[in-house]
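S.K.: Sequence:
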Amino acid sequence: MLKILKYSFFDLMRSRWSYVYFLFYLLLGVVLLFLNNDLSKAVITLMNVIIVLVPLIGTIFGVMYYYNSKEFTELLLAQPVKRSSIFLGQYFGVALSLSMSLIIGLGLPFVFYGIFNSGAIWDFSLLLITGAFLTLIFTALAFVIALANENKIKGFGYAILLWLFMAVIYDGIFLMSLVYFEEYPLDKFSLVATMLNPVDLSRVLILLKLDISALLGYTGAVFQKFFGTSFGFILSSLMLTLWVIVPTYFIQRMAKRKDF
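Just so we're aligned, residue 6 is where the sequence shown starts under our numbering, counting upward by one.
Derived by calculation from the structure, the hints in this document are not laboratory data.
Be careful, since some hints might not be right.
Distance condition first, Cα-Cα at most 27 Å in a straight line; then the derived DSSO-like pairs of lysine-lysine [as the list claims (entries may be wrong)]:
#: 1; residue 1: Lys11; residue 2: Lys261
#: 2; residue 1: Lys159; residue 2: Lys75
#: 3; residue 1: Lys87; residue 2: Lys11
#: 4; residue 1: Lys159; residue 2: Lys261
#: 5; residue 1: Lys8; residue 2: Lys261
#: 6; residue 1: Lys11; residue 2: Lys263
#: 7; residue 1: Lys261; residue 2: Lys87
Label pairs and their in silico Cβ distance ranges [to be verified]:
#: 8; residue 1: Leu40; residue 2: Leu82; range: 44 to 54 Å
#: 9; residue 1: Tyr175; residue 2: Leu240; range: 16 to 26 Å
#: 10; residue 1: Pro85; residue 2: Leu169; range: 36 to 46 Å
#: 11; residue 1: Ile239; residue 2: Glu76; range: 38 to 48 Å
#: 12; residue 1: Lys75; residue 2: Ser123; range: 39 to 49 Å
Quantities reported herein were computed from a predicted structural model and do not represent experimental measurements.
A virtual CB, placed ideally from N, CA and C, is assigned to each residue, including glycine.
All chains, full assembly: derive it from the sequences and hints.
M.R.: Take a look at the structure:
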């Protein structure tokens, strides 16, 4: 698996799209630091971009890499190599290359600006960690969708629909539920619904770390009471890890049963 991971990683690192992805974050960091003298404000702006863009890029790259490397995958399947090793190696190669482009692209401008001497270092670190988690999660989900659909158009369609649901539609349903059932106690429902969506969970963690949860009103107070504690932070980290493990397990299981 490590050889396949290494091949997929360096194959993507040589791709022009990886350079475009890296340069986009590099320029984004430079522009934000040029426009904002306050590092905390730059981190907040980055959060709004990363929470939406990282899942989209991870989903598209995952599906695109699977379909584009299908012939090479079939060649590997003819060799005495485990199926799970092939697809898990490809998945981790794609996810790690995207995560590295994100971390280095955003990290360089902030390092040169002096992030290590600022109090915003922990906020920025959490932002990069959640971005890496979202990359791992949505790339894994993209591979699951691609393995389940031979048709490339259907695979891309389902992948975009998944991102749209997680990033936009889920929040709309969540807010409508809070408004419709406002007469009932919704504390536990809000916490569970947040943890069931990695995008929302990442957003809440960053908002609480930036200490601006008061902007969320009553819901923010509930989140602060739970996620603001050490237990809440550990549970949230475990949920994000679980969001990585479960799709990875499905990749392994589907690869073994799929008829190529």
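S.K.: Each hint needs a verdict: does it hold in this structure or not?
M.R.: Now for the hints, and whether the structure bears them out:
Annotation: proposed proximity of Lys11 to Lys261 holds, straight-line Cα distance about 22 Å (limit 27 Å). Distance restraint check for Lys159 and Lys75: the Cα-Cα separation of roughly 16 Å lies within the 27 Å cut-off, and the hinted pair is therefore satisfied. Pair hint Lys87 plus Lys11 holds up; C-alpha atoms about 16 Å apart against a cutoff of 27 Å. Restraint check for Lys159 and Lys261: the C-alpha separation of about 22 Å stays at or below 27 Å, so the hint holds.
Between the alpha carbons of Lys8 and Lys261 the distance comes to roughly 19 Å, so the proposed pair stays at or under 27 Å and holds. Between Lys11 and Lys263, the direct Cα distance comes to roughly 24 Å. Compliance with the 27 Å bound is thereby established for this hinted pair. At most 27 Å may separate the alpha-carbon atoms for a hinted pair to count; Lys261 and Lys87 meet this at roughly 9 Å. At roughly 50 Å, the beta carbons of Leu40 and Leu82 sit within the given window of 44 to 54 Å.
Judged by the Cβ atoms, the range 16 to 26 Å given for Tyr175 and Leu240 holds: they are separated by roughly 20 Å. Checked against the hint of 36 to 46 Å, the pair Pro85 and Leu169 passes, with Cβ atoms roughly 41 Å apart. Distance hint check for Ile239 and Glu76: the Cβ-Cβ separation is about 44 Å, which falls inside the suggested range of 38 to 48 Å. Between Lys75 and Ser123 the C-beta distance comes to about 46 Å, which sits within the given range of 39 to 49 Å.
Checked against the numbered hints given earlier, this structure breaks none of them.
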